[in-house]
Amino acid sequence: MINTSLLVLEAEISPQVFPINRELLKQYAAASGDQNPIHQDEDFAKSVGLPDVIAHGMLTMGLVGTYLTNNFGVENIQEFSVRFVKPVVVPKDIDVILRVTGKVSELSESGIKIEITASVEESKVLGKAFAVIKRN
Amino acid sequence: MVNPEVIGKTFTSPNLVVVQETQVNNFANALSIPKDKIQNNLVPPTFGITITLAQAQDLLVQSGLNWDRVVHGEQSFKYLGQINIGDELKTSATIENVKVAAGNEIATVRIDLTNTLTQNIVLSTTSVLVVRA
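Protein chains in written order, with the numbering used here: chain A, 1 to 136; chain B, 1 to 133.
No lab work stands behind these hints, which were simulated from the structure alone. Glycine included, each C-beta is placed from N, C-alpha and C at the ideal position. Incorrect hints may have been included.
[As the list claims (entries may be wrong)] Example chain B residues on the side facing chain A (calculated, C-beta under 8 angstroms, incomplete):
#, residue
1, Val2
2, Val6
3, Ile7
4, Phe11
5, Ala30
6, Gln39
7, Ile49
8, Thr50
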C-alpha cells in the first residue's frame, strides 16, 4: 500500500494490467448477477449491433477498483467515478489486456484525487475516471 | 421511453438486502482482489452495483425503458460509510433525469443504500444508462 502522506502532485501510481477473457466475463456475470447476454453470447451481441461480446462496464470499473484497493485500501476510498467511453470487445479464446494507471491530480487536507487511465491496446476505455482517497 | 411522470420521484424498495459473505467472496475473486486487502469484512469498492443495478433495471423497465438496448454510460460511487458482510441494507432509487441525445435515450438514476441498523446512508451511487438508438 502507498503511504499517501508522501504523495505529491503529479505523482504517478505504478501501472497494473488485468487480463480479460470470456471465462472472466462468465465468472463476473455469476458473481455480480448481471447476466445480460451481450456479455456472454456472441450471436446475441451481434444481433443488437455490437461487434462481438463486450465486457461488462462494471467489470472494467471493478478491476480499476482492485487497482485502487491494492494501492490505497478499500477503507480509504471516498469517491470513485468513471465514464464508459469505449466498449471492451472480448473475442473468443483471447486475453484482452486492460492496463490501469493513476496520477495524483489534486491534493488537499482531506483527500487526494487520483486521475485514472484505463486502456486496451493504447485506446482509452474509460473517460473522466477518478477516485478520491482519504489522506492518512 | 421513460414515463416523464416518474422523474424526480424516489422509490424505496420494500425488499431489504443482507450482504452475504459468499457473494462478497465470489465478487472479490472475480475481480482478483486479494483476501488480505479486504479487512474487517468490508466489501470491494464496486460491490454496491450487485444491489443497485438490478434496482435501476426494475425501476426503469417499469417506467417504460427498453432494457434490451441498454449500455452503461457512467457510474459513480460516493462512500459515505462502510458496508460490511452481514449488514442489512435498504435501497432508495430516484430517476434524476431522462434526456434524448442523438436518438439515444439517456437515464440518470441515483440509488442510495441505507444501513437499516444505523439508519445512515452508507453508499450513494449514480448510474447513467443509455438506450442505444
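Quick rundown of the hints versus the structure:
no., hint, in the structure
1, Val2, "violated (19 angstroms)"
2, Val6, "violated (23 angstroms)"
3, Ile7, "violated (22 angstroms)"
4, Phe11, "violated (19 angstroms)"
5, Ala30, "holds (4 angstroms)"
6, Gln39, "holds (7 angstroms)"
7, Ile49, "holds (5 angstroms)"
8, Thr50, "holds (5 angstroms)"
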